[in-house]
Every structure is written in structure tokens, then in C-alpha cells.
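Student: The primary structure of each chain is shown beneath.
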Amino acid sequence: MTGFRRLDPVSLLVAPAVGYLGLVYGLPLLLLLGHSFVVDGTPSIASFVRFFADPFDWMVIANTLRIALAVTLVSLVIGWPTAIALARAKGAAQAAILVAIILPLSVGVVVKAFAWQIVLRRDGVVSQALVWLHVWDEPQRLLFTETGLVVGAVNVFVPFMILPIYSVLKLVDPRLDEAAATLGAGPFFRFFLVALPLSLPGIVTGVAFVFSMAVSMYVVPSLLIGDRFQTLATLTGRSFLFMRNPQLGSTTAVVLLVLAVAVVVGSAKLSRRFGGAS
Amino acid sequence: MTTTPGFLDVAAAAKTFGAATVLDGVDLAVARGEFVSLLGPSGCGKTTLLRIVAGLIAPDGGRVVLDGDDITRRPPHRRDVGVVFQNYALFPHLDVAGNVGFGLKARGRKTAEIGPSVERHLDLVRMGAFADRPVKALSGGQQQRVAVARALAIEPKLMLLDEPFSALDRKLREAMQIDLKRILREVGTTAIFVTHDQDEALTMSDRIAVMHAGRIEQLGTPSEIYHRPATAFALDFVGLSTRLAGRVVSASGGEVVVETALGRIPARANLYPGSAAVVGVRPERIRLDAAGPCTVAATLTDVAFQGARVLLHGAAAEGDRVLVEAPSLPDGAGQGTRLTLSWALEDTLVFPAEGEAS
Ligand SMILES: Nc1ncnc2c1ncn2[C@@H]1O[C@H](COP(=O)(O)OP(=O)(O)OP(=O)(O)O)[C@@H](O)[C@H]1O
Ligand SMILES: [Mg+2]
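One line per chain: the protein sequences are A and B, in this order. By this note's numbering, the letter at position 101 of the first sequence is numbered 101, and the numbering carries on one by one without gaps. By this note's numbering, the letter at position 348 of the second sequence is numbered 348, and the numbering carries on one by one without gaps.
Hints should not be assumed to be uniformly reliable.
Calculated lysine-lysine pairs in the DSS-like style (CA-CA distance at most 27 Å, straight line) [said to hold, decoys possible]: (1) B:Lys181 - B:Lys157; (2) B:Lys136 - B:Lys171; (3) B:Lys171 - B:Lys181; (4) B:Lys171 - B:Lys105; (5) B:Lys181 - A:Lys170; (6) A:Lys269 - B:Lys171.
Pulled from the structure, derived: some chain B residues nowhere near chain A, Cβ distances all over 12 Å [claimed, not checked]: (7) Gly55; (8) Val84; (9) Asn99; (10) Arg309; (11) Thr340.
Derived from the structure by calculation, the hints contain no laboratory data. No residue lacks a Cβ here, since even glycine has one placed at the ideal position from N, Cα and C.
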């Protein structure tokens with residue numbers, strides 16, 4: 001071919017997706033961004049200055065990050081061993097675990113959150129069980145606490161930790177663990193020198209998934225912790241829906257967007273660094 | 001089978017997976033410094049036996065004794081048994097030196113000790129220049145060398161190699177066979193080598209264990225296996241042979257006569273009259289004359305030129321085979337020529353037919 005490159009016809013296949021996303025997502029996002037950088041019709045960063053000057057807003061950012069971190073960590077601690085078990089299970093056992101992980105995804109987040117409301121109440125099963133086990137002296141309410149929020153959110157997001165780790169692990173040759181054993185490595189050593197580095201790309205992906213979803217979740221905190229505890233996402237919602245303050249709403253949305261993008265980009269960098277391991 | 005205590009002693013090793021008996025009471029004694037091949041068709045249990053010795057699966061019954069220690073229940077990481085896996089199983093997240101040094105690191109050796117050992121073992125397999133390469137950037141043969149170096153670096157009491165050359169092309173394979181023998185000789189390591197390639201087993205081994213359906217049918221030197229196969233299976237699996245099915249028609253004083261499609265063939269054996277038998281003769285033992293004492297006639301069907309010699313195929317009944325090796329095609333012979341074949345009595349190998357009690 002001489003000089004100019006022609007458009008690969010295959011790339012036209014993404015046109016519908018690009019068009020759709022551009023219209024219903026890209027355009028509103030641009031409007032939103034515009035809103036946050038425009039005050040009284042002139043470009044300005046005044047709303048950001050105001051936002052970062054308010055200690056309350058810093059607390060909201062801290063809340064958001066703390067909850068997202070906790071959800072990510074707990075999901076990792078629960079999801080990683082599950083992914084290992086899933087990758088090693090065979091036949092019917094593996095199918096059963098997979099179904100147990102994927103089927104709940106078909107239950108809507110709202111339904112799940114309402115279910116957790118019942119479970120976490122003062123007279124809910126968790127409270128009753130802990131009293132019965134003498135962990136607690138009297139029934140307590142987990143609903144509307146940070147612990148309750150983390151528990152509920154982990155339930156919603158943990159499949160997104162398990163599945164990427166599992167998809168990496170199932171490609172790892174089980175012979176590698178055996179090879180390490182025959183070379184004299186005990187279980188502890190094998191975990192840290194073989195299993196861990198080999199599952200790292202999956203862990204990085206899972207962490208990015210869960211963190212970016214947890215940092216921006218709206219329904220779960222609305223239902224499980226309520227208005228007294230604000231995150232960037234719930235504050236954004238409140239600004240638009242209750243306070244009729246699109247200026248503040250678009251500002252918090254931009255802050256949230258920057259945080260989420262930073263995590264996704266950072267983890268993509270990390271996984272490229274460890275990409276040699278998969 | 002010999003029962004002299006070996007350096008490695010596997011006694012009555014048995015393994016079943018579900019309903020399938022994969023190892024049916026295997027005995028194997030290997031002397032210190034010996035190179036023993038496990039030779040057998042796919043699925044006969046070679047890998048399973050190797051994995052039991054390595055401790056990667058537990059046998060249902062039997063014992064494994066290495067250098068005087070009963071290691072039957074010992075976990076693999078405390079066995080001192082190096083394994084070269086069929087697919088090499090190199091650690092993809094480590095470079096070549098990292099792979100070779102892994103075993104010493106796992107043993108808690110100091111870096112000052114690991115470095116020189118890695119270097120020495122990489123030199124041994126002629127991979128010294130590749131220490132810093134990621135293993136993904138190596139060819140099959142290079143990966144294979146690294147796998148050998150990695151297993152040798154722990155200075156194991158025993159090396160187990162599971163078809164390490166099966167993925168390599170013929171030329172590389174032959175070079176690697178010579179290299180491996182040299183390396184093991186230099187280090188003096190005892191080795192068990194799995195293969196289903198008879199030529200590989202014959203050229204490399206001190207002794208060969210011919211495996212069939214979860215048992216060792218014969219354990220002997222390559223020449224014993226070739227010249228005195230213990231079973232019809234060993235005759236078939238190792239080397240070429242004329243092979244005729246028949247029935248024992250008379251037996252007396254350690255000699256039998258077997259009635260085959262090509263006539264009656266005498267042999268030295270103890271078999272009951274009336275029992276089904278298989279007669280075998282190695283192709284190079286057959287002469288194209290009637291000097292006897294075993295003489296048959298067969299029609300020439302095919303001639304295979306093999307360089308220095310020719311291989312003559314004779315007409316044979318279903319399931320039989322007639323193969324003769326000759327320096328050259330006899331004058332005037334061609335397809336359809338009637339050939340007279342004869343051989344010495346001691347060259348008739350005779351076995352009870354498979355499934356027949358001896
Ligand atoms: N984990 C297992 N579960 C069930 N069956 C198994 C298992 N491992 C091996 N087998 C069966 O045991 C038999 C022997 O297997 P093994 O791997 O020892 O054969 P092999 O002699 O090494 O064959 P190949 O030359 O093909 O590698 C096979 O029929 C195989 O299907
Ligand atoms: Mg095998």
C-alpha cells in the first residue's frame with residue numbers, strides 16, 4: 001500500500017458501542033466536567049477550592065477511601081483462597097463453586113442490600129448468632145455501622161475479586177508447585193515464591209475491579225449506612241437529588257472520577273510490571 | 001526379578017485410580033549410579049511410578065526405600081529427588097539463574113553459595129550464557145537443559161526424568177541424549193528415565209524396565225531385553241521381529257514344537273502341549289538358506305532399503321509378521337519370490353500367548 005493507511009474495516013465493529021457510550025456517557029460526563037469548572041458562566045476552579053477548603057469534604061474523601069480499602073482488603077482475604085480452591089477443584093465441585101459465585105450476580109444490588117438490612121438488624125440473625133455464641137452480651141445493631149456496610153459491600157463485590165484471580169490461576173501449570181516441592185521447597189516457601197508471584201496479575205486486576213466499584217458504590221451505602229455517613233458517591237447523589245446543587249455534585253463527581261482513574265491506571269501499570277509472571 | 005537391595009528399592013508399589021489399576025505391584029531395584037529406563041506404551045503407568053518415587057502421589061500399597069531410608073510417606077520436599085518434568089515446568093516468573101538457584105534458595109543456602117553453584121550447573125548443560133534470560137525466551141531444547149540444571153543443582157540422590165526429550169526434534173534429541181549421559185556420568189547421579197521410545201532406551205540405559213499395563217514385564221540390560229525378551233510384549237515392543245502365533249503340538253525334555261501358519265517350528269521352552277504360544281525371531285538371526293534346524297518358507301511381499309542392509313517382508317497370516325534382515329536383496333528375487341528361511345534353535349524365542357498361563 002502506498003503512503004496512506006486505510007481504516008481497518010474490522011474496527012468499524014466498535015462503532016455502535018462507541019456511538020452509544022459517547023451519547024449516553026461521554027456527553028453527560030463532558031457536561032458534568034464543564035459544570036465543575038464553570039462558576040457563574042466563567043471558567044474557574046472556585047468550586048474545587050471551596051470543596052477542598054471544607055473539612056467536612058475531607059472527611060467524606062477519607063470515608064470513601066477507608067470503606068473502599070476495607071472492602072477491597074476483605075474481598076482479597078476471602079476471594080484469594082476461594083479462587084485457589086476453585087482453580088484446584090475438579091468437575092462437579094468446581095461447577096458448584098462457580099455457580100455459587102456467579103449465580104448471586106443475577107440478584108440485583110438493591111435486593112441484596114435490602115436483604116442485608118434484615119440480616120444486620122438488632123434482631124437479625126447475625127446479632128442473634130453472636131449473642132448465642134456469647135461473643136456479645138446483648139443484641140446489637142450492625143445496620144448503619146461501617147462494619148455492616150463493609151460486610152454487605154464485600155458480599156456484592158467479592159465475585160469480582162475471585163473471578164480474575166481464578167482466571168489467572170487456572171492457567172498456572174500445577175506442575176510448577178510440584179516442581180518447587182521436588183526442589184525442596186516446603187508449603188510456606190512454595191506459597192511465597194511460587195503461588196504468590198504467579199497469582200499477582202490476577203490479584204492486581206481483582207483489586208482494581210473491587211476498589212473502583214467500592215469507591216463509587218451508591219446503593220449499598222444508601223441502604224446500609226444511611227445519610228449520616230457520606231461518601232463521595234452518596235454526596236454526589238445528594239447534591240443533585242436533594243440539595244439541588246449541581247455545582248457541588250459535579251465537583252465531587254470529578255474528584256471521585258480522578259480517584260477511580262488513578263487506581264485503575266496504577267493497577268494496570270502494576271499488572272504490566274508483573275505481566276511476565278502469567 | 002532380582003531382589004538384591006538397591007540404592008533405590010521400590011517394592012510392590014500399587015496404585016488404582018477409581019476402578020482402574022494403574023500400577024499392579026511394581027518391584028524395581030536401582031543400583032547407585034545406575035541409569036535405568038522405564039520403557040512402555042502410553043498409559044502403562046510410567047509417570048505414575050515416577051510420581052510415587054518423587055512423592056507427588058501416595059501409593060495405595062508398597063514401599064519406596066532410597067539409600068536405606070523408607071521414604072514412602074515422606075513429602076516430596078524432604079526426599080532429595082530431582083525431577084525433570086515432561087513439559088519442563090520452569091518457573092515463568094524467574095529468569096534462568098532464578099530457576100536453577102531455586103532449590104538451593106529453598107534450602108536456605110546463602111547467596112554466596114548459590115551463585116557459583118548456579119554458574120557451575122548452567123555450564124554443565126552449556127547454558128552459561130543464558131543466566132539472565134527470562135525462561136519464556138528459550139527454545140524447547142534450552143528449556144530442557146535449564147530443567148536438567150535446576151534438578152541437578154540440588155545435588156539429588158536420585159534424578160527422575162519423565163520423557164524429557166519427547167518434544168524435541170530427532171537431531172536435537174540425539175544430541176541431548178549424549179549430553180545427558182555425559183552430565184549424569186560427570187556428576188555420578190543415579191537416574192530413572194521414562195520413555196516410550198525404544199531406541200532412546202536402548203542407547204542410553206544401563207538397564208531397561210519394560211512396562212506393560214501397570215507391571216514391569218522385564219528388567220535387564222539393553223542386550224538382554226533385545227536378545228532374550230521375557231514376554232511376547234517385550235519382544236514386540238523392543239526391536240523388530242518375525243512373530244508367528246501358534247499352538248504347542250509336542251513338548252519333551254525342555255523342547256517344544258509349535259505349529260504355526262508357516263509350519264512346525266522347534267524351540268527350547270517349557271510349555272504344555274496344546275497351549276497357545278507366540279514364536280519370535282529377530283530379523284538379523286534369519287538366514288536365506290535351508291541350513292536349519294528351524295526352516296520355513298515364505299513369499300516375499302516387500303523390500304525396505306535401509307542403507308547398509310535391506311529388510312525383507314514375507315507374506316504372513318493375520319496378526320503374524322515375517323521380517324528378515326539381509327545384506328542385500330538376493331539375486332533375482334522380487335515380489336512374489338519364494339524364500340527359504342532358517343535359523344538356529346536358540347534363536348527361536350517362544351512365549352505363552354498373552355492371557356495364557358505359563
Ligand atoms: N490422576 C489420575 N486420575 C485418574 N487416572 C489417572 C490419573 N493419573 C493417571 N491416570 C491413568 O493411569 C494410567 C497410567 O497413567 P500414566 O500417566 O502413569 O501413564 P504413562 O505410562 O506415563 O503414559 P504416557 O507415556 O502417555 O505418559 C492412564 O490410563 C491414566 O489415564
Ligand atoms: Mg507419562
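Student: Decide, hint by hint, whether the structure agrees.
Tutor: Here's how the hints hold up against the structure:
no.	hint	result
1	B:Lys181 - B:Lys157	holds, 16 Å
2	B:Lys136 - B:Lys171	holds, 22 Å
3	B:Lys171 - B:Lys181	holds, 16 Å
4	B:Lys171 - B:Lys105	violated, 35 Å
5	B:Lys181 - A:Lys170	violated, 36 Å
6	A:Lys269 - B:Lys171	violated, 43 Å
7	Gly55	violated, 8 Å
8	Val84	violated, 9 Å
9	Asn99	violated, 9 Å
10	Arg309	holds, 43 Å
11	Thr340	holds, 56 Å
Violation of the numbered hints given earlier is confined to hints 4, 5, 6, 7, 8, 9; the remaining hints are satisfied by the structure.
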